[in-house]
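S.K.: One-letter residues, chain by chain:
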Amino acid sequence: MSTSLLMFLIFIFITLVITYWAARKSSGSSAYFAAGRQIKGWQNGIAVAGDYMSAASFLGIAGIIAFQGYDGFMYSVGWLVAYLTVLLIVAEPLRNAGKYTMADVLAYRLSPRPVRAMAALSTLTVSTFYMIAQMVGAGALVTLLLKDSGLTYRTSVIGVGVLMIVYVVFGGMLATTWVQIIKAILLMSGTLLLSLLVLGHYGFSFGNFFNAIAHVTYTDAGGARVTQDFLQPGLRYKPPYGALDLISLGLALIFGTAGLPHILVRFYTVPDAKTARTSVVWAMVLIGSFYIMTTFLGFGAATIIGRDFIARNGGTNMSAPLLAQALAGEAFFGFISAIAFATILAVVAGLTISASTSFAHDFWTNVIHRGTERDAGEEVRVARITAFVVGAIAILIAIVLGPTANVAFLVALAFAVAASANLPVIVFSLFWRRFNTKGAVAGLGTGLLASIVLILISPSIMTVDPPTVTGAARHLIQADPIFPLENPGILSIPLGFLGAYIGTLLGREPSAEAKYTELLVRANTGLGAEKAAPH
Amino acid sequence: MPRKIKIEPEPGDLTPIVGAETDVTPLGRSAEKPAHELTADEDIDVADWDRVAAMDEFKQLLVSKRKFIIPVTIFFIVYYFALPVLVGYAPALMERKVLGVVNLAYLFALSQFFVAWIIAALYVRAASKWDEMTRNILAKLGVMRKGE
Chain A
64 MSTSLLMFLI FIFITLVITY WAARKSSGSS AYFAAGRQIK GWQNGIAVAG DYMSAASFLG
124 IAGIIAFQGY DGFMYSVGWL VAYLTVLLIV AEPLRNAGKY TMADVLAYRL SPRPVRAMAA
184 LSTLTVSTFY MIAQMVGAGA LVTLLLKDSG LTYRTSVIGV GVLMIVYVVF GGMLATTWVQ
244 IIKAILLMSG TLLLSLLVLG HYGFSFGNFF NAIAHVTYTD AGGARVTQDF LQPGLRYKPP
304 YGALDLISLG LALIFGTAGL PHILVRFYTV PDAKTARTSV VWAMVLIGSF YIMTTFLGFG
364 AATIIGRDFI ARNGGTNMSA PLLAQALAGE AFFGFISAIA FATILAVVAG LTISASTSFA
424 HDFWTNVIHR GTERDAGEEV RVARITAFVV GAIAILIAIV LGPTANVAFL VALAFAVAAS
484 ANLPVIVFSL FWRRFNTKGA VAGLGTGLLA SIVLILISPS IMTVDPPTVT GAARHLIQAD
544 PIFPLENPGI LSIPLGFLGA YIGTLLGREP SAEAKYTELL VRANTGLGAE KAAPH
Chain B
6 MPRKIKIEPE PGDLTPIVGA ETDVTPLGRS AEKPAHELTA DEDIDVADWD RVAAMDEFKQ
66 LLVSKRKFII PVTIFFIVYY FALPVLVGYA PALMERKVLG VVNLAYLFAL SQFFVAWIIA
126 ALYVRAASKW DEMTRNILAK LGVMRKGE
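Those protein sequence lines, which keep their order, are chains A and B.
This note's numbering numbers the first residue of the first sequence as 64 and each following residue consecutively.
This note's numbering numbers the first residue of the second sequence as 6 and each following residue consecutively.
It is possible that part of the hints are untrue.
[What the hints assert, rightly or not] Covered stretches of chain B (chain A as the covering partner; in silico rule of three or more C-beta atoms under 8 Å from a C-beta of chain A): (1) 56-67; (2) 76-83; (3) 93-104; (4) 110-122; (5) 125-139.
[Stated by the list, open to error] Listed next, the stretches of chain A that the computed footprint assigns to chain B, with coverage defined by at least 3 CB atoms under 8 Å from CB atoms of chain B: (6) 168-182; (7) 296-305; (8) 309-320; (9) 337-345.
These are computed hints drawn from the structure, not numbers from a lab.
We put the CB at the ideal spot given by N, CA and C, even for glycine.
Using the sequences plus the hints, can you model the full thing?
M.R.: In structure tokens, the structure reads:
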């Protein structure tokens with residue numbers, strides 16, 4: 064067994080023990096919930112950061128920057144600025160109104176059954192996209208760790224994926240607030256260490272570091288050696304559509320976060336809107352510092368180990384772990400890999416359970432069986448089956464995409480779906496009195512459909528590959544793309560809003576309009592949210 | 006009124022525990038709905054909503070929020086999209102090296118982090134004023150918040 068693998072296993076074990084201990088200590092009795100209620104703003108802020116910084120942030124962004132320089136940094140920027148949308152528009156009204164998920168907000172004044180059903184479908188879709196990225200990351204990571212054993216990427220995705228799903232479905236949920244806090248602290252310290260090592264490599268001189276970034280040498284697709292300024296924009300998003308694609312990406316990033324189920328949930332765990340606000344600010348400080356450090360991770364990987372080396376040893380997503388290996392040896396490589404793996408596990412657990420329970424409860428029982436369980440335990444069974452199905456789909460697509468698909472890009476697609484389907488209905492339901500059930504169903508439906516169809520006909524799926532490209536790297540449909548952009552947001556987000564708007568105009572719903580006053584007062588004062596504890 | 010929610014998980018209940026009661030109605034249980042799942046009809050008797058909505062203080066609160074949130078939201082969206090727009094459509098300008106080899110594009114991107122932090126700080130300052138206004142409204146209604 065290699066040193067890195069041993070370190071990896073030790074760290075995973077320690078992480079699991081800590082999380083198990085934390086989960087045990089804080090659950091199992093009503094005291095748990097009381098404690099949960101008193102969670103401090105800064106603690107919740109760290110937990111939000113932990114939830115948010117998935118494999119995409121750590122593995123994906125570092126990879127995109129290492130391969131395509133400046134354009135990758137745009138992901139970092141968008142993912143932080145997104146929190147202004149959360150802070151200014153969504154977090155406080157949601158906490159004040161005492162709402163937990165998008166379905167809760169919608170069902171509050173609209174007809175609960177149809178909107179809960181649509182919200183469950185949308186949650187399921189967003190979660191699946193998110194999961195695909197985590198599976199690709201986990202598969203690539205394990206392939207790299209076990210590369211001496213000759214394990215293929217396909218086998219590791221299946222193995223790791225099945226293990227994760229079994230763990231989540233039968234082992235229960237470890238994504239408590241405390242677990243996310245521990246994970247976030249590990250991730251932040253690992254990133255800080257790695258950043259310092261990169262700076263140390265350049266004698267702690269920013270001048271030397273940026274000079275190296277301005278002269279990165281690599282082998283291009285044609286096999287020629289080129290020297291490129293990696294601070295120059297446009298290496299990923301090239302003309303003629305690059306500029307539009309960049310804007311489209313930006314839209315998905317800054318409007319998607321406010322529609323993510325596992326982020327919204329976090330604002331319900333704090334006592335009041337003020338604490339929700341404090342936790343967003345804490346999260347912004349942590350997430351912002353982390354994303355600024357992606358400069359060192361990504362450009363460090365580009366300059367110190369180079370993209371040719373990364374491409375030969377596991378591909379774009381492995382840039383950060385490989386950088387750790389090159390700078391500080393096998394043990395640190397094992398440590399960084401363990402952090403990445405723990406991150407993936409926590410995110411997969413959270414997503415699988417929230418998606419499958421909302422499907423079982425909101426969709427299966429409410430819609431198919433009109434609110435009654437046919438026999439005891441049916442919902443639990445449906446939730447388990449859903450978790451397996453979602454997991455299987457994610458594993459399958461992860462195999463089809465192959466290890467070279469960048470996970471930050473894949474997660475950005477999940478953000479595009481969330482921004483197109485979820486954000487329009489959340490915003491309308493909070494701020495538009497006239498908004499009604501038809502609008503919610505139409506908005507969710509249009510946003511979902513538009514974003515998925517646009518992804519299917521985009522260059523990520525449809526591209527004619529030269530015959531030299533073989534295997535998983537080949538695109539699914541060998542034809543010219545119908546939609547020229549990688550990122551669907553620029554078209555699908557307006558379509559989501561338009562669908563919600565037109566749907567609303569199709570009819571009037573006096574009961575929904577009458578209840579708007581109640582929502583308005585609640586969202587702005589917190590009156591009636593259970594922590595207000597009157598009398 | 007806050008409702009009593011059953012919080013002891015039953016055997017075989019797989020409902021996730023994520024730090025709050027639950028994210029959906031507990032699976033496989035027929036207990037009362039958790040508070041966050043209540044609809045407006047089921048949760049209407051907390052206060053006289055129309056009376057609150059008609060209060061001058063409440064209207065002032067909404068105006069005060071709007072006056073801050075709308076312009077600031079427009080500003081951050083414009084400032085943010087200025088980055089991809091300029092990078093995409095004015096590459097010559099953005100590739101100008103202004104600090105050694107560091108170009109304007111990178112500095113502009115970096116500035117986004119600080120602008121976001123500043124806006125967040127301004128928002129927190131403005132929001133503390135709204136907290137004060139909200140307290141006044143609740144006090145007028147005779148509702149006391151815990152710990153206040």
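S.K.: Hints first: check each against the structure and report whether it holds.
M.R.: Comparing the hints with the structure gives:
no. : hint    : result
1   : 56-67   : holds (count 5)
2   : 76-83   : holds (count 4)
3   : 93-104  : holds (count 5)
4   : 110-122 : holds (count 8)
5   : 125-139 : holds (count 7)
6   : 168-182 : holds (count 4)
7   : 296-305 : holds (count 4)
8   : 309-320 : holds (count 5)
9   : 337-345 : holds (count 5)
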